Amino acid sequence: MAPWPEVEKPETNNYIGDSSKQNQNMAGKEGENHKGNVSSLGNKGEIQPAFSTVALIDETRQEEEDPWALPELQDTGVKWSELDQKGKIIRVLYGIGKFIMLLGLLYMFVCSLDVLSSAFQLVGGKAAGDIFKDDSVLSNPVAGLVIGVLVTVMVQSSSTSSSIIVSMVSSTLLTVRAAIPIIMGANIGTSVTNTIVALMQAGDRNEFRRAFAGATIHDFFNWLAVFALLPIEVISGYLYHLTNVIVESFHLESGEDAPELLKVITDPFTKLIIELDKSVINAIATNDESAKNKSLVKIWCVTETNVTLQNVTVPLPDNCTSPDFCWTAGNVTWTLMNVTETEYISKCQHLFANSDLPDLAIGLILLALSLLVLCSCLIMIVKLLNSVLKGQVASVIKKTINTDFPFPFTWLAGYLAMLAGAGMTFVVQSSSVFTSAITPLVGIGVISIERSYPLTLGANIGTTTTAILAALASPGSTLKYSLQIALCHFFFNVSGIILFYPIPYTRLPIRMAKTLGNTTAQYRWFAIFYLLLCFFLLPLFVFGLSLAGWPVLLGVCLPLFALFIAVVVINVMQKRRPHSLPEKLQNWDFLPVWMHSLEPWDNMIMSSLAFCGKHCCGFCKCCKVNAEQEGAKDKQLKTMEVYENTMAMADEERGGRRAPAVACVDKTGTNNTAL
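The sequence shown begins at 1 in the numbering used here and counts up by one.
No wet-lab data here; the hints were simulated from the structure.
Since the model is a prediction, treat every value here as computed from it, not as a measurement.
We treat Cβ as the ideally placed atom computed from N, Cα and C, and that holds for glycine.
There's no promise every hint is true.
FRET-style restraints, in silico, Cβ to Cβ [claimed, not checked]:
1) L563 to M604: 22 to 32 Å
2) A420 to I265: 17 to 27 Å
3) M380 to I265: 17 to 27 Å
4) K575 to C375: 49 to 59 Å
5) P592 to T515: 20 to 30 Å
6) P408 to L554: 40 to 50 Å
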């Protein structure tokens, strides 16, 4: 081995801390521990066992790296110019094959969303109809709001919940003004789908951070719009009066059916799996007692209704349709009456047409299968996109989607993205499908959070234009009400956009989604907690209070809401102007740790998952594989570092043999959190 290099000025040191004292202390320790073997560092001027300067630079770079920056998808393959003729043909064929596979996966993804909606309707459709029956609760705007959230989450379709509302309004069971808060709640409930889709990208921390933020930006916009506009609507009724003027000013006639562009493609496949009779939910909501015992599963697809004039017996002559058509024969009274008969011609061809299973069992089966297909398609779509969107292709797409116009037209790009989102949603006829499709693109870094926001707002507008077209195709009896409700939905979203988009400072959903994305990236179990809290527990809690009446609802919710606002204001001031607060409120350290930090909760959840994992063989195998991968990454990083002391590398290599045990624990915790 070559001798240690000598230093001209051993008393100086360019490393960390007070170098002269560090040299003296280390020299004394080395002299005591290695007498006769190694000379004192202060005398010989040897370089002490050093920190890697490259490692220090990497650590600083990691600390300063923006987690929201779009990653560069590097092209690791052979360049096109370096390929021969055969290689170019093979690459083109591979590209065509990937594109066809991507289209097929997108088709299955959309079909699985449709089947998922049917499954939720089978599981909770009748319960949703029962919820709408309570007129006293629906007259409460707060209760109507949470009912709209719960029903839309249960049926996974804002169009279904809107059709129930139209049926109730046209049946005079509900006024248009009382239906507006329910429409606002349906707007919130429809955003649960892409939030569920974002959970499928929990494997990679940074992808999950971006995907979950991109999905929940829709949630935050809807909640903020409701908090701002619901009180205004209750006080002034501006949505009701505005839409009423518009509807009354036009001479409306029932039109043809609205176009269903996407249904034409997906229905041939989804109708082989399940078909539902959605009129049953509407009948339950409109107090039709005979509908309670009917199944939502459609059995007969081709029927014919005939109305014939028949002789019918009636109890008394007063029940006759007309005195001219009433006669008696013995003790029996007869009359002529129109009788409607339904002739069943052809059965449906779906899987459950001849099944004797109850609706709940069929719904649970379809729920499990659709979630399995949904997750599988999403994972494969993400992998395909990662393999396709590389190098030059990725840079072109990113520049096309994320680049702003030059000054002074920078503001125009967001509005064009909004128009694109509205147009795409109109084409696919569903905001859930569009937002769920862009969620994985946000996760892998093709679309930025800032650009996904106007796309999502455009999707909100697009789904309301679809509802307006559907309303124009309604029968004459329900045309006015369905159009007015669709217009309320449209102007509610437009009002929300005016409040939370034009001025950059008011784009609160972006900042809130990024904060939640950072939290869920660190504690991935928090994503499931957020989903349950916002779409199930909180609406159920408010709905339960609303059943007890206004005094109980206000007495409980107002103090809680005031406390929530106070905590938010204090948190903002702690970050921006802490000196303006009393000394005790400048941080939350005076509270127990579990009240202001997720760390104790994370430790408890991780401990319980680790305890359960010890009894699972697959857990150990996964741990071993993850440990090997972690060790390989560490070894690759170490080979890139520069060590001034070769003994340090040897010590780390010896210690690295024990690293898999630690890596196993860490990686296990991460995987369990993700799932």
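We went through each hint and held it up to the structure:
| no. | hint | result |
| --- | --- | --- |
| 1 | L563 to M604: 22 to 32 Å | 25 Å, holds |
| 2 | A420 to I265: 17 to 27 Å | 21 Å, holds |
| 3 | M380 to I265: 17 to 27 Å | 20 Å, holds |
| 4 | K575 to C375: 49 to 59 Å | 37 Å, violated |
| 5 | P592 to T515: 20 to 30 Å | 23 Å, holds |
| 6 | P408 to L554: 40 to 50 Å | 48 Å, holds |
Hint 4 from the earlier list is the only one contradicted by this structure; the remaining hints agree with it.
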